[in-house]
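Peer 1: Sequence:
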Amino acid sequence: MPKRSEEMLVDLWMSLLLLWITCVPCVSMTPIIGQSKSTQTGGSAVVASGLGEGQRLLSRAKRGWVWNQMFVLEEFSGPDPILVGRLHTDLDVGSKNIKYVLAGEGAGTIFAINELTGDIHAMKRLDREEKAEYTLTAQVVNADTDEPLEPPSEFIIKVQDINDNPPQFIEGPYRASVPEMSSVGTPVTRVTATDADDPVYGNSAKLVYSILEGQPYFSIDPNSATIKVALHGMDREMREEYLVVIQAKDMGGHMGGLSGTTTVTVTLTDINDNPPKFSKSLYEFVIPEDLPIGKMGGKVKANDRDVGDNSKSTYSIVEGDEQGMFEIVTDSQTQEGILRLKRPLDYESKRAFTLKVEATNIRSEPSSGGPFKDTATVKIVVEDSDEPPVFSKPVYQLEVNENAPINTVIGTVNARDPDSSGSQVRYFIDRHTDLERQFNINVDDGKITLAKPLDRETDMWHNITVTATEVRNHSQISRAIVAIRVMDINDNAPEFATEYEAFLCENGRPGQVIQTVSAVDKDDPIQGHYFDYRLVPEMLNNPNFTIKNNQV
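2 is the number of the first residue of the sequence shown in our numbering; add one for each residue after it.
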């Protein structure tokens with residue numbers, strides 16, 4: 002077979018034609034080292050073509066062929082088997098009865114050899130991405146006896162890559178985020194495409210990245226595939242989400258390269274770049290003066306275009322509440338400011354309030370110089386309510402002697418209507434607290450009088466409840482407690498504590514104590530009791546007994 006120069010082989014490959022690398026008989030060339038392997042070692046000397054058959058049989062068998070590493074183009078699908086290359090030995094001189102034998106990976110199925118000529122053909126369409134190379138063994142044997150004439154030699158058939166695989170984004174589509182207002186050049190994310198073609202041979206797997214959609218907002222590094230911010234001042238409140246289409250193209254991006262695409266959904270995350278803003282500059286509320294402590298008197302709301310914690314604010318009263326009548330708290334669900342009452346209102350003393358409230362962001366950006374704020378004015382008008390009468394005291398304590406006559410005035414309670422209209426008041430005793438009806442009250446002036454005699458020794462204290470009711474509105478009622486103490490008078494005689502019986506022996510001595518007696522008194526004088534003991538008149542003329550007062 003004629004020799005082919007290296008330049009001719011290159012031209013054949015570039016034109017995508019079949020490349021042959023043949024085994025050329027040569028008696029004057031040295032085998033190519035490193036590109037063929039033999040299962041039998043031997044010298045590199047070649048067999049001379051002029052030796053006789055007997056001499057060669059007596060000589061040690063030597064490898065008589067040389068070849069380069071073979072290649073076959075992948076995905077070739079012509080009508081006939083592809084000639085990969087040709088094996089040739091210097092034993093093949095035309096008159097020798099020899100044949101070529103092929104063994105190893107794919108021998109007989111993928112690759113076939115012509116026994117007579119040594120031509121190797123690829124019988125099937127090959128895919129480098131499935132298998133890149135095949136290791137085979139070639140040998141020359143006697144055609145009749147199959148006796149080896151030379152040692153087997155190992156060689157490799159490599160499947161040559163063509164650009165038949167487009168780039169693929171295995172992990173796509175992608176989602177990424179970047180803070181709004183990021184500076185130009187801020188990295189967003191990095192995408193990665195893969196190419197199944199040979200990364201070593203040619204540019205079939207050399208990828209270049211570009212943006213098909215998403216400009217001028219974003220750019221991509223053509224080599225590292227890092228997506229970056231390309232436009233200054235991107236505001237989430239104007240647009241939150243962007244769809245970016247990325248292309249990866251092989252062959253270094255040149256014409257004819259294959260390409261693949263993926264999408265990257267970029268979301269701008271929020272930063273605190275918007276202040277809270279009250280929906281109104283002036284709020285007006287009407288609050289009844291009888292609003293309970295802690296109850297809501299009104300609501301204000303400062304809106305914020307940011308989201309999450311960046312949109313949350315706290316509220317405070319900064320002016321107009323020197324007396325501490327109100328407080329404002331934040332509703333965590335609605336982000337409204339709830340105005341609540343801290344102290345009771347009194348229409349008669351103050352009928353209006355003007356407050357200045359402030360909304361302050363709970364978070365701020367380091368570069369903003371402090372949290373964002375906004376203020377609004379709140380005007381509160383106190384509405385007059387029909388309030389119940391008010392007693393001058395919540396508890397009254399009165400005293401009366403136990404021997405006081407009926408209708409004695411014990412004391413007076415007083416209540417007034419706090420409303421500006423000033424309704425008259427009527428007084429009554431809650432008879433549930435005076436079941437025996439021992440007391441009466443004048444409905445007009447609140448004087449409490451005695452209805453029944455009192456006995457301190459029976460009840461020392463009487464606690465009654467007095468009510469005050471408006472004349473024009475009987476539903477407006479107030480109550481006060483009146484504690485009446487019954488004062489003691491000396492209206493009970495002393496009594497001996499028990500019946501006494503004394504005994505004296507006939508030989509008793511003068512001055513001997515026969516019995517000690519004591520007395521009790523139901524009265525309770527302020528200075529305490531003092532009793533004077535004397536013998537009854539019948540005993541005064543009896544000189545045998547005397548009684549003595551013991552001083553305590």
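Read the hints as simulated data drawn from the structure, not as lab findings. Just so it is clear, the structure is predicted and the values come from calculations on it, not from any experiment. Note that CB positions come from ideal geometry on N, CA and C, so glycine has one too. Take the hints with a grain of salt, since some may be wrong.
What the hints assert, rightly or not - The calculated label-pair distances, taken between Cβ atoms and stated as ranges, are:
1. GLY309 x SER350: 16 to 22 Å
2. THR466 x ASP445: 15 to 21 Å
3. LYS374 x ILE171: 29 to 35 Å
4. PRO395 x GLN516: 40 to 46 Å
5. GLY371 x SER350: 48 to 54 Å
6. ASP445 x SER350: 47 to 53 Å
7. ASN474 x GLY309: 21 to 27 Å
8. LYS374 x PRO289: 44 to 50 Å
9. ILE171 x GLN70: 49 to 55 Å
10. ASN415 x THR378: 41 to 47 Å
Peer 1: Each hint: holds or not?
Peer 2: Results for each hint:
no.	hint	verdict
1	GLY309 x SER350: 16 to 22 Å	violated (45 Å)
2	THR466 x ASP445: 15 to 21 Å	holds (19 Å)
3	LYS374 x ILE171: 29 to 35 Å	violated (50 Å)
4	PRO395 x GLN516: 40 to 46 Å	violated (55 Å)
5	GLY371 x SER350: 48 to 54 Å	violated (39 Å)
6	ASP445 x SER350: 47 to 53 Å	violated (28 Å)
7	ASN474 x GLY309: 21 to 27 Å	violated (53 Å)
8	LYS374 x PRO289: 44 to 50 Å	violated (32 Å)
9	ILE171 x GLN70: 49 to 55 Å	violated (33 Å)
10	ASN415 x THR378: 41 to 47 Å	holds (42 Å)
When the structure is compared with the earlier hints, violations turn up for hints 1, 3, 4, 5, 6, 7, 8, 9 and for no others.
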